[in-house]
Each structure stands twice: as C-alpha cells, then as structure tokens.
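Participant: The primary structure of each chain is shown beneath.
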Amino acid sequence: MMVRLNNLCKTYGTTKAIEDISFEVNENEIFGLIGPDGAGKTTIMQIVATLLVPDSGIAEVCGMEVNANFKALRKHIGYMPGKFSLYPDLSIEENIEFFAALFGTTVQENYHLVSDIYSQIEPFKDRPAGKLSGGMKQKLALSCALIHKPKLLILDEPTTGVDAVSRKEFWGMLKNLQKKGISILVSTPYMDEAALCDRVALMQSGKILQIDTPQAVVNSFNEVLYAVTSDKVYKMKEYLKHSNYCKNVHLFGQEVHVTLNTGVIDNVVTELKNTGFSNVEIKPINPTVEDCFMKLMVQ
Amino acid sequence: MERFQDIDKADSTVIWVKNMTKKFGKFVANDNLTFSVEKGEIFGFLGANGAGKTTAIRILCGLLSPTSGEAYVAGYDVYKQSEKIKQSIGYMSQKFSLYDDLNMMENIRFFGGIYGLDKKTIEQRTNELIEKFGMQDMQKKLIKDIPLGWKQKIAFSIAVLHKPKVVFLDEPTGGVDPITRRQFWDLINETAEMGITVFVTTHYMDEAEYCNRVSIMSEGKIIELGKPKDLKEKHQVNSIDELFFKVARNVNY
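So the sequence lines, in the order shown, correspond to chains F and R. In this text, residue positions in the first sequence follow the numbering used here: the first is 1, and each later residue adds one. In this text, residue positions in the second sequence follow the numbering used here: the first is 1, and each later residue adds one.
Treat the hints with caution; some may be incorrect.
No farther apart than 20 Å at their CA atoms in a straight line, the calculated lysine-lysine pairs in the PhoX-like style are these [unchecked claim]:
(1) R:K140 / R:K119
(2) F:K232 / F:K75
(3) R:K229 / F:K232
(4) R:K26 / F:K131
(5) F:K151 / F:K75
(6) R:K119 / F:K83
(7) F:K16 / R:K141
(8) R:K232 / F:K232
(9) F:K241 / F:K273
(10) F:K16 / R:K120
(11) F:K131 / R:K165
(12) R:K144 / R:K95
(13) F:K283 / F:K232
(14) F:K149 / F:K180
(15) R:K86 / R:K26
(16) F:K235 / F:K247
(17) R:K144 / F:K235
(18) F:K151 / F:K179
(19) F:K83 / R:K144
(20) F:K149 / F:K131
(21) R:K246 / F:K168
(22) R:K144 / R:K86
(23) F:K151 / F:K131
(24) F:K151 / F:K71
(25) R:K229 / F:K235
(26) R:K95 / R:K39
(27) R:K221 / R:K246
(28) R:K80 / R:K95
(29) R:K86 / F:K241
(30) R:K95 / F:K137
(31) F:K175 / F:K232
(32) R:K141 / F:K232
Hints are computed from structural coordinates only; laboratory data are not their basis.
Next up, chain F with everything else stripped away, as it sits in the complex (with noise of 0.2 Å):
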C-alpha cells in the first residue's frame, strides 16, 4: 500500500476543507481526486506531502505514518504544487541540480527516470526558469519532482489551464512514469481526466462523493441516458428543462444529455416536434464520469 487516509479532518477557521477523508492508493497506481476548486484536493495532497497536519484522522504513505516520519519520508515523495514554485532567477540545470543535490543525489544518477522530459527542455539549460513558457515550467516542475527517484508522486493540478492538446501530452508522460513503477496521485478539475486514472475519488466540498474505478463510476450510473440533438440544441435544452418527461438535462456540447422521469423516450420525441424542433435524434449512450459527478452532486 503507497498511500492510507483514515478519517482526516481539516478545518481553516470556520471552513471545513475536507471532512472524514479515507482511501487508499496501490503501488504502482495512478490514482486521480478529480472536483472543481474548493473540494479540498489540495488540503489532501499537502497531508499527504507531509506539508500540513490533519486536525484528526491518520495518514499514511510507504507504511508510515506521515507526522512522526516526515523527514524519512520525504525521501521517497516528489511533490509538483499546483502553482509554479521553483526558482525563477536559476536556469533550468541549477534548478535540478539544486533539487538533486537537495536529496544528496545527482541529475546522472537518475537521469534516466526524467530523461523522456527533461531532455524536451534541455536544449534551453540556460534560461532562467521564470522566463519559460507554461508547459516548459511544467516539464522541468516535474522533473525537478522526480531526481530524487521517490516512490510517491503528488501533483496538483497539473493540467489546470493548459490546452487539451499538450493534457494529452502531459498523460503520456505519466503513463510512462508509471511504466517506471512510480505511483501517483494527482488531482484535476477536468472531469475527462478520470477516465484515464485506474482509480479515482470524486469529491465536492471537501467531501468524497465516490470512489472506484472509472469504468465502475460509469457503471453506477444506474439509468439509461440518451443524447438528444436537434437544429437548435440550446433552445431545446432550456425547453426540455421544463419537461414533465425528464429528471436531469445538461447540455453537452451539441448534445443534451437527458435521463427520464416518466413515459418513455419516445414522448420527447414527439413532444420536441410538435414544438417546432427539427432535425430531432435521440439515442441512448453510455454516460461520462462529468455525467455522474452531476448525478452525485444533485443527490
């Protein structure tokens, strides 16, 4: 077992940031606590880090228990915050070089375990680093994290603000990552996301909604969802929104999801083309996990 959460509790003033927080992560697993801002992703991640104690509740990583073994553990935790942390007057090599030598080790010893990424930003070794791009930042964020070969990698909000192209770009690096038998827990607000974790939580201010695998969320979902399309999908979500016939409606891009409340699907149907929608298509699909995480969060 990499990471063991029993209970955590923490509390700023009168917010609560997580409440009766417990999972586990598998090594060699990459598990993702997906939610928007406020679900207290980060508050987990800085426990787990060993960077903020829990007011109750018990944390554990590699076996340890994360308050009494901080120091021991940091040797095997690499942490990427979400916000950009490295030092912006060093270039890029005394960046890791820095970290390297932080951790008593060399960036030759375990060149080998960031060398996909860092030699993606190498050619540049003499720029200071707050003079990089967005996903240069990133690269050498995450190879900074990973010179010290640490069993555990925490990172928080990677993909936050970055293009759908370069996200991808950035899962293929922790696929492989994971090939290398690091395990990680890494948190995103992008719902799409999920489906690429082996595990993930779904949380919600400060609470967990669900945990399992994503197909298991998918799986869960427990009613038939249709897609519905017509000319205008926007008008005919505002419209379907106050049928009698559906539950949850949501626009999804040119779709509007629908679950039934009564009758058969066949009533919207008609009930669209009597109402001037044309083009009107409806078919059953397979929900996404942003489809659950909105069943979750009305219920």
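Put chain R on the given structure of chain F with help from the hints.
Facilitator: Below, chain R without anything else, positioned relative to chain F:
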C-alpha cells in the same frame, strides 16, 4: 480612418481586425490576423497554450499596440483610442475577477464607479443582481469566502454591469464544477441575447460547441474560423474536440 467611418455606419461590427501583427523582438506572437465579430455574437477564441491568444486579447482590450495592421473595437482604433476602448469593454478571467478582500457590494460599487456609473444606477443594478441570483445572504460576505463557482458568476455579472459593447472572458470556467460551468454558459447566452458581444477563450472543447463561431489559433496564426457546424463538416469530424486535436499544435508551449 476610412474603415473607422464604415464601422460607425455599420454598428453591427464590434471587433474588426485586418492583417494585425504583433512581434516581440524576433518572435511573432500574432501573425497577420484578420477577423471580425458581430454584435451579440458568442465568439470562441481557441488555440493551444502559447498560440498567441493572450497577446491578441491584450491588444483588443487596449492594453497593447499591434506592430502593424489594423484593429478596431467598438468602433475605436486600438492604436489611438485605447482609453475609449477600455470604457466600452468588460473583462474577466479565471485568474483575475474580483477583489478578494472586498465583499460583493463593495466590488460592485468599486467596478461600477470605475466605469462611471452613477450611484442610482449602481444601486439599481446591484438589486437586480441580488434578486437574479437570490444571494441576499451573500452580499456582505468577503469574496474570498464565496465558492469559486458563485464568484465567477458574480464576476461575470459585474464585468457587464456597465453594459459594454463586448465582454472578454479569458478561461472563465477553469476549475469550476460541471453544473456551475453550465449555468455560467446560460449567463453568457442571456448576455449575448441582450446584444452584448461575448469573446471567450476556453480549454473545454464542449464549450466551443456553444459558440456562434470559433477561431483556432496556432503559432500566431488563425488557422480555422467559422461556425462549429461548418468547421466540423469541412474536416469531417464529429466534434470541435476532434478538430482541435487534428489542427492545433502546441509548438511554443
């Protein structure tokens, strides 16, 4: 100058850009951009990180001059009338929206004051907002104590408090929960229906589908521009997400 007069006549074009280029040293951030955005339109401004979106937005907000080419916003020239532009636009982003240490009422008064609204108008629009969102008990709370989703909805409403010609939204829904994200787009739609142009960037490709038209930038150039439906047909793809993966490159990121 000729074009400025045209715009004056044709009130319907809110953003008009022709051959606009911006260089930083040797680096070409915006390479010969040409596009226009109409009144009441929801225009999605897409592109990979580092493609040049932020530079273009800064120019259109009157914060930066292009190196060459022409650009008019709300009928004003970005070279010579940037102060007029600033009065005619609204702006919000994920990073900057409201002052954390002021409460909601104070934020409204502050921004209303900056945009030159009189006390009576500010009071009236404040009441409208409170009623619309049903947030009577939230008005005295400091913004930092309000959940992000709410904060972003309030920030958007304040960005259009002075009824600008166009509002620029830079990743307004980043980190917002999926239900609030959709409510935010309801607000965008309402605003556009009032005749305010919405110029929006996002990394959520499902949101790109909600725009009347989208452009995709890559390496400083606009490589695609059109209605989502037309672009999908042109490239034989099922979604803007697919299209984005097909055409967008992230070379400068």
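Participant: Indicate, hint by hint, whether the structure satisfies it.
Facilitator: Structure-based check of all given hints:
As the CA atoms of K140 of chain R and K119 of chain R are separated by approximately 18 Å, the hinted pair is consistent with the 20 Å bound. Of the supplied pair hints, the one linking K232 of chain F and K75 of chain F is violated, its CA atoms being roughly 57 Å apart against a limit of 20 Å. Distance hint between K229 of chain R and K232 of chain F is fulfilled; the C-alpha atoms sit about 12 Å from each other, no more than 20 Å. Annotation: proposed proximity of K26 of chain R to K131 of chain F holds, straight-line Cα distance about 16 Å (limit 20 Å).
Pair hint K151 of chain F plus K75 of chain F holds up; C-alpha atoms about 9 Å apart against a cutoff of 20 Å. As the CA atoms of K119 of chain R and K83 of chain F are separated by approximately 39 Å, the hinted pair breaks the 20 Å bound. Between the alpha carbons of K16 of chain F and K141 of chain R the distance comes to roughly 17 Å, so the proposed pair stays at or under 20 Å and holds. With a C-alpha separation of about 17 Å, the suggested pairing of K232 of chain R with K232 of chain F holds against the 20 Å cut-off.
Simply put, K241 of chain F and K273 of chain F have alpha-carbon atoms about 16 Å apart, close enough for the 20 Å limit, and the pair holds. The suggested pairing of K16 of chain F with K120 of chain R is violated, with an alpha-carbon distance near 39 Å, which exceeds 20 Å. The suggested pairing of K131 of chain F with K165 of chain R is violated, with an alpha-carbon distance near 35 Å, which exceeds 20 Å. Restraint check: the Cα-Cα separation between K144 of chain R and K95 of chain R comes to about 13 Å, which is no more than 20 Å; the hinted pair holds.
With a C-alpha separation of about 17 Å, the suggested pair K283 of chain F and K232 of chain F falls inside the 20 Å cut-off, and the hint holds. Proposed proximity of K149 of chain F and K180 of chain F is supported: the alpha carbons are some 10 Å apart, at most 20 Å. A distance of roughly 29 Å separates the Cα atoms of K86 of chain R and K26 of chain R; the hinted pair therefore is violated under the 20 Å criterion. For the hint pairing K235 of chain F with K247 of chain F, the CA-to-CA distance comes to about 17 Å; that is within 20 Å, so the pair holds.
A threshold of 20 Å between alpha carbons decides the hint, and for K144 of chain R with K235 of chain F the separation of about 35 Å lies outside it, so the pair is violated. Between K151 of chain F and K179 of chain F the alpha-carbon distance is near 12 Å, which keeps this suggested pair within the 20 Å criterion. The suggested pairing of K83 of chain F with K144 of chain R holds, with an alpha-carbon distance near 18 Å, which does not exceed 20 Å. Proposed proximity of K149 of chain F and K131 of chain F is contradicted: the alpha carbons are some 27 Å apart, above 20 Å.
Taking the CA atoms of K246 of chain R and K168 of chain F, the gap is about 13 Å. The hint holds against a cut of 20 Å. With a CA separation close to 26 Å, the supplied pair K144 of chain R and K86 of chain R exceeds the 20 Å bound. A threshold of 20 Å between alpha carbons decides the hint, and for K151 of chain F with K131 of chain F the separation of about 30 Å lies outside it, so the pair is violated. Distance check on the hinted pair: K151 of chain F and K71 of chain F sit about 15 Å apart at the alpha-carbon level, within 20 Å; holds.
Distance restraint check for K229 of chain R and K235 of chain F: the Cα-Cα separation of roughly 16 Å lies within the 20 Å cut-off, and the hinted pair is therefore satisfied. Pair hint K95 of chain R plus K39 of chain R does not hold up; C-alpha atoms about 26 Å apart against a cutoff of 20 Å. A threshold of 20 Å between alpha carbons decides the hint, and for K221 of chain R with K246 of chain R the separation of about 16 Å falls inside it, so the pair holds. Restraint check: the Cα-Cα separation between K80 of chain R and K95 of chain R comes to about 28 Å, which exceeds 20 Å; the hinted pair is violated.
Simply put, K86 of chain R and K241 of chain F have alpha-carbon atoms about 38 Å apart, too far for the 20 Å limit, and the pair is violated. Proposed proximity of K95 of chain R and K137 of chain F is supported: the alpha carbons are some 18 Å apart, at most 20 Å. Using a Cα cut-off of 20 Å, the hinted pair K175 of chain F and K232 of chain F is violated, with the two alpha carbons roughly 40 Å apart. With a C-alpha separation of about 39 Å, the suggested pair K141 of chain R and K232 of chain F falls outside the 20 Å cut-off, and the hint is violated.
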